[in-house]
Amino acid sequence: MNDKVVHSGAGSETRTAKPAGRRLRLPFVIAGKNIAAVPGEEQLVEAPGGVVAMPGIGLLDDILPLSENLLADVSTQDIISFLHRVGKMWESDEYIRRRIYIKQMCEFTGYSEQMATAEADLIAATLRGGARLWDTLQAELGDRAILDQWVRREDCEVRALPKGLVVHVLAGNVPIAAVLSVLRSLLTRNQTIVKVASGDPVTATQLALSFLDLDAQHPVSRSLHTLYWPNNSRAGASIVEHADGVCVWGGADAVAWAHRHARPGVDVVTFGPKRSFSVIRADAGDDIKTAARLVAHDISMYDQQACFSTQHVFVLGDCTAFAAALADALEHSRKIIPPPLRNIDQAAAVRLTRSHHEFFGAAIACAEDGAWQVIVASPEHVHRHPGARTALLHPIENFDDVYAAVDKSVQTVAAHPWSMLQPHRDRLAKLGVSRLVEAGLSGTFRLGASHDGFYPLARLVRFVSIEAPSSVHSKGMTMALDMSKIVEHRQFRDLFV
Amino acid sequence: MQWGVALTTYKPPHWDQQTVFRNSLELAAEAERLDFDDIWLLEHHFTEYGLCSDAMLMAGFVLGATKRIKVGTAIVVAPINHPVRLAEQVALLDQLSGGRFLPGFGRGYFPKDFEVFGVDPKQNHLMMQEWIDIMFATWRQDGKISWKSDLIEIPEITVYPSLASKTRPNVYVVGESPSTIEWAATRGLPLLMNVPQSLEQTRAKLDLYSEIAETNDHDPAEIDHVISAVVHIADTREKAFNEIVKNVENWHDDAMRVAFSAEQLRRLPNYRFHWSLLQDAILKGESEASVVVRRALDISPVGTAQDCIEVFGNLTEKTGVKHFICGFEGTFERERIFESMNRFSAEVMPRL
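If you're matching them up, the sequences are chains A and B in order. 379 is the number that my numbering gives to position 376 of the first sequence; each next residue is one higher, with no gaps. 386 is the number that my numbering gives to position 256 of the second sequence; each next residue is one higher, with no gaps.
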C-alpha cells in the first residue's frame, strides 16, 4: 500500500446528515393501543435524519398498567406461535408495516435502503425462528419447558417465573438489538416497557405496531409498551423505579442512570459499552483475500457502531498486503452495505483521525468520500476510534502481542483463520473477552453463545424451587433427611456422602 | 362527515332480479331524501353476488333519477375496460350530472372477469394504474391523447366530452396491497377501504399512504379516503348482530365461490399481499367464512345507534377518515333495511 491511496468510490455516495424536510410522527404503543401524539403536547426528538414527534410523557400515569402481568399464564408455545406469525408478516415484501419501516429507517435513521431491507429481513428471521427460540430456552435456562412447568433438577423441582415488569433502555446503534431485547423479555413473559432510542425510534415502534396488526388483543401485544422520555427525565426515572428488572443498551451514562433509579435488589442488565477487534494471519500460504472480505464485513455492518464491530485489526505476517486487500474489500462492501447517513461530528472525527495518523507517517488508504479508511498505525498512536468504517491495522510479531489490548471491555475477538484462537482461548477468556469467533461472524450470535459474559434469559426470570421432603434421600445419602435427628445423633458424617 | 349508501344488488334466494333492482332504486331515492351525501354502486360479473354488471351504466341511471346526491362506483373493474372508453364515460357522466359522479376503480378479484374479457390477471394491477394515468393525461390535455406502452397503444385522438368540472374529479381506488397504496399515494388518489380489516391494519395502510403522499407533495389530511362498512341498527347489539350474521355469511360465501382460490392466489405474483393475508388467516385458524364474518361484524357498526356512533367515532379519531359508505342490506328484508337507514339518519348522522 502506498503512503496514501484514495479510492474514487464507484459505489453509493456517502451521505452526511441533511435534515428531512418533514416531521415523522410516531405513536407510543401501550397495552395493545396505538397512542398518537396530541398536537401541542408532543415530544420532539432529534433523530439522525430529522425530527420525530412522539406523545408527551405526561400521559403515562393514566395508562400504564404496571401491576398486572397478562403473560403470566400464557404458554411458551402460544408466545412463540404469535411471534412466528408476526415474523411471517415481516418476511413479505407486501407487508405494509415492513414498507413503512424501510422508508422511515431510510429517511429518519439514515439507513440505506439495502441496510433497512436487511434489517427487516433480520426481524422476520428472528421472530420466525421458533425452533431457535425453543433451543435458546434450553441453552440459557437449562430446560425448554421450565417456564411452563416444574422441571426436575436434582433434589428439587424448579420453575422459571417472569421478573415482572422489565424496562428496556435501547440504544440506536443496532436495530435488531431492539428486537432481541423485546423478544427475550416477552419470551420470559415479562411486562415489557421499551424506551425507544432517539437514534432509532422506528424499529421498536414499528415492531410493536406489527403486533397490533396481527392481534391487538393478544396478551403479547398488550404486554409490550413503547415509550420515549428525555434523558435524565423524572418520568423515565419513575418508570424505572417501578421496574422489577432493567435492560440497558449502550453507553456508560445510560447504565449509571439506570443503576441510580432501580430499586435495591433489582437486576440492571447491561449490554455494552464494549469494543471488539480482529486478529488476522496474513502469511504467504494464507487466503488474504478471504480474510479481508470477512473483516470488511465485520467492519461494515452497522457502520462500526455495534459492540461487536471490529475496530482494530492485529495482523501477523504481511500487513501491507492485507491492508491493500482490506481496502479493496471495504470498497466492495460499500456496494452491498452502503454507509448510512453520517452527521457532521462523525465526518469530522473521520478526517481528524486520518490527519492525526498522517502526522505520524502512517500508511493510509481511504475512499475519497470518506466511506471507509484503512490506517496502518502503531497502537501507541491511537487515541480514539472514530467509527465510520475505520480499520486501524496493527502489525504484530506473534499472537502474544494481542494480549496488551485485552481487558474486560473487549466483547468479541474475531480471527482468521479460526484455528488461531485455539491455543489462546484460555488466556483471552481470563483477560476478560466474552466471545471468540471466526472473522466475518462478529455480528452473528450462535445458538448457545453468551452475551457480554452472561445468558440474558436467565437474568429475566427468577427461579423458584420446590425442594424434596425429608423422606427423599439425597443422592449418595442412605437415610431420610431429618435434620433434627441428625443433629441429635450427631450423624453429620452421613450427610452428603 | 360524509355518509354514503352502498347498493350491493346482491340477489338473495327469496328476491327475483326485478325486486333487487327495484329495491336498489328505492334505496337510492331514500338515501337522497335522508340527506346522505352519496350512493355507491358495485360492479360484478357472472354471479348473483352482485347483479350490477356495469356500474357506470347504472350510475348514469341513478344520477338521472336523483337531483342532489352524488353517485360513485365502488368499483368499476378497470382492466376489463378500454381506458379511453373509461375517460369518455367519466367525462360524460360528469357533464350530465353537473359534477355529481364519483368514479372509483379497482383491478378486480374474480378470475372469470379476466378469463371472459381476455385480460391477463398477472398484469391487471399494471393495467389499472396505467388506465388511470391515461384518463388523467386525457383530461389534462383537453381530451388530446396518444399513448404507446407495453400494454396499450392509442393513436392521437381527441376525446369528447371534456370534463364539466373545473378540477379533475376525485378518482377513488381500491388500495389493499402496499404496492397499490404507494402508487395511489404518489398521485394523491383517495383509497376505498373496508371495515373488515382491523383498525390497526387500516391505520397501517394510511401510515404508509401518508409517508408516500407527503414526499410527493400531497397533504394526507386533504385526501378524501373512504371506508365502507356493513351497518345495521336494532334495539340491542345482539339483536342487530343476529339479524344479519347468517345473511352476511351467505353473501361472503357467494363471493368466495367466484373469487380467486387460494391456489390461484399462490400463483399470481401481483396478489402476494392477498396470499399472505390468507396464509395469516389460516395460521390463526380464521379462514372459515363464519369466523371471518363474525370477526368483521364484531368491529363493524352493527348494534344500537350508540354502538354505531362509537364505532364510527373511533374510526374517525384513529384514522382521520371522515367519509363512510354504509351497507344497510344485511337483513335482506326491505322494511328492515329502510328502518335501519332511517334510524341511522335520525340517530347517528346528527351526532357525528
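Note that these hints are calculated values from the structure, not bench results. Treat the hints loosely; a few may be bogus.
[Said to hold, decoys possible] Facing chain A, from chain B, some residues (calculated, C-beta under 10 Å):
1) Ser276
2) Lys278
3) Ser279
4) Glu286
5) Ile311
6) Glu330
7) Glu344
[What the hints assert, rightly or not] Just so you have them, the derived chain B footprint on chain A, three or more residues with Cβ under 8 Å:
8) 90 to 99
9) 132 to 145
From the three backbone atoms N, C-alpha and C, an ideal C-beta is built for every residue, glycine too.
Hints and how they fare:
| no. | hint | verdict |
| --- | --- | --- |
| 1 | Ser276 | violated, 34 Å |
| 2 | Lys278 | violated, 30 Å |
| 3 | Ser279 | violated, 24 Å |
| 4 | Glu286 | violated, 38 Å |
| 5 | Ile311 | holds, 7 Å |
| 6 | Glu330 | holds, 4 Å |
| 7 | Glu344 | holds, 5 Å |
| 8 | 90 to 99 | holds (count 7) |
| 9 | 132 to 145 | violated (count 0) |
Consistency note: the structure conflicts with the earlier hints numbered 1, 2, 3, 4 and 9.
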